[in-house]
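Sequences listed follow chains A and B, in order. Using the numbering used here, read the first sequence as starting at 1 and increasing by one per residue. Using the numbering used here, read the second sequence as starting at 1001 and increasing by one per residue.
Note that these hints are calculated values from the structure, not bench results. For clarity, every value in this text was computed on a predicted model and none was experimentally measured. Cβ atoms here follow ideal geometry from the backbone N, Cα and C, with glycine treated the same way. Certain hints may be false.
Selected chain B positions facing chain A (Cβ under 7 Å, derived; list incomplete) [unchecked claim]: (1) V1178; (2) P1180; (3) P1203; (4) L1283; (5) G1287.
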Amino acid sequence: MATTLAEADETVDFAARLEHVSKSFTGPGGQQLVLDDISIDVAPGEFVTLLGASGCGKSTLLNLVAGLDRPTAGSITTDGRPALMFQEHALFPWLTAGKNIELALKLRGVPKPLRRDKAEELLELVRLKGAYGKRVHELSGGMRQRVAMARALAQESNLLLMDEPFAALDAITRDVLHDELTRIWAETGVSVLFVTHNVREAVRLAQRVVLLSSRPGRIAREWEVDIPQPRRIEDAPVAELSLEITEVLRGEIRRHGQH
Amino acid sequence: MASTETTPVQDAGSVEAGLDALETTATGRPPLRQTFVNKILPPITAVAVVLVAWYVLYPVVDDPTKLPSPGAVAGAFQDAWLKGDLVGYIWTSVSRGLLGFVFALLIGTPLGLVVARVKFVRAAIGPILSGLQSLPSVAWVPPAVIWLGLNNSMMYAVILLGAVPSIANGLVSGVDQVPPLFLRAGRTLGATGVRGIWHVTLPAALPGYVAGLKQGWAFSWRSLMAAEIIASFPDLGVGLGQLLENARTASDMAMVFEAILLILFVGIAIDLLIFSPLERWVLRSRGLLVKG
Ligand SMILES: Nc1ncnc2c1ncn2[C@@H]1O[C@H](COP(=O)(O)OP(=O)(O)OP(=O)(O)O)[C@@H](O)[C@H]1O
Ligand SMILES: [Mg+2]
């Protein structure tokens, strides 16, 4: 019934382990079971996408893994504190892009003289060299998401949680950021748990796709994706697998009638 | 979307650069002439209209004990200036006002923070605190005189009672309006407890806090003037409020006008020199202020 961090001296063979996790909220209509008996392992360096219809509990699950909320039942263990990238960029508007990243470094305990260089490095990693002094409102939507990504990476967590980070972007920008994310993932070896309701996006990015059903959220099915990277979202194998997954997803949604 | 099967991934950088260039626009300062037309000309015009109206009305009223001539008021200013008293009047009041305001800041800020964060305290004194804002601070002058006597501490007490609720309330509403997303983002970055307050809550609450400061200053200045008028006492030194009261007892209408204009100008000047720039800076740096 808790979210725990693995002990420092304990060697773990996972970045995150969810065991029989359930979550219910008490609403006006009594208890509402949102997540039911979810068990997922994310291996070190693995890229997993969590796919599900709107409202099936994806954000709830990520919040649990991030330790922002507690599961009603089951346990979650992570290898260190995970970094979370929200659906909205969640950058602090009172700080510049660079200072946002530096705050993450500071809170992690990086000494002051190193922070500036480290922040510039991270900005370069997301190809935003020169954006250091820019205020958040001076950046475009895509640039904000990249700064948010750099800030999440600044935490140097073993696990990066991403909650539909590109949902609000236009297709071309999203394409570009997919490439970026794949490259950064390969370069840093970070484990990623990526939430989306876009089937193609899930297949484009992941090594493994986990499909959640709705009301309550349960694991419906999993797919290993062994299409070699770099992939593109229009590639035929990506489209093919997406079609298959979409069919299953449709079936899941149909079970619920209107909703 | 055209199918771009041969586009290599390395192209991403240049596509990004193109997108970034498209999505950001250069912002510069407006030209000087525009600033003059938009910002400086309107108030000058307003003052000119008032002066003209005054010149026209003064011979109509034709009673210097009711409406002094603009010349007489200018003369009162000149007199005070030549005697070297003018700066003294202003300084007495302004130094009191600002010092009192600083005290109010030191009390109101932690008070606001505690009310905002501690449920029990909020339920206990939150409503009183916002209720106090609508109590005219003049009401505090009689009890302050009785408790503290006719001295400077009584002035400061009245300023505090006027300004502290505004400052504390500003901070409370600032904290209330902090988007929960920021708090959660802070927590995932490791900003919990005091570090969360310092790095996330306080900066996020700054716009509301500054609005509270601005209002707090207006209240400080008003309460101080009320205190100076009601409790004027020669030993306290002559501030603007006493000047007004002295003018009334001397039935010197030109001096009354002088005092009122000074009180008005000082209040406006402090706001224009300190609080408005502060507020603009806070809002602009967050993209909350639309230029023009
Ligand atoms: N704090 C809460 N209190 C009560 N109910 C909640 C709370 N948070 C989420 N829920 C409910 O849990 C369900 C899942 O919400 P969640 O935000 O996790 O969905 P999601 O899969 O992320 O959806 P989307 O794709 O639209 O972001 C919803 O039915 C929602 O109403
Ligand atoms: Mg969500």
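Here is how each hint holds up against the structure:
1. A distance limit of 7 Å between C-beta atoms decides the matter here; for V1178 of chain B the minimum to chain A is near 11 Å, and the interface restraint is violated.
2. This hint is violated: P1180 of chain B has a C-beta 10 Å from the nearest C-beta of chain A, more than the 7 Å allowed.
3. Taking 7 Å as the C-beta contact cut-off toward chain A, the hint placing P1203 of chain B at the interface holds, the least distance being around 5 Å.
4. Because the closest C-beta pair between L1283 of chain B and chain A is about 10 Å apart, greater than 7 Å, the hint is violated.
5. The closest approach between the C-beta of G1287 of chain B and any C-beta of chain A is roughly 3 Å, which is under the 7 Å cut-off, so the hint is satisfied.
This entry does not satisfy hints 1, 2, 4, going by the numbered hints stated previously.
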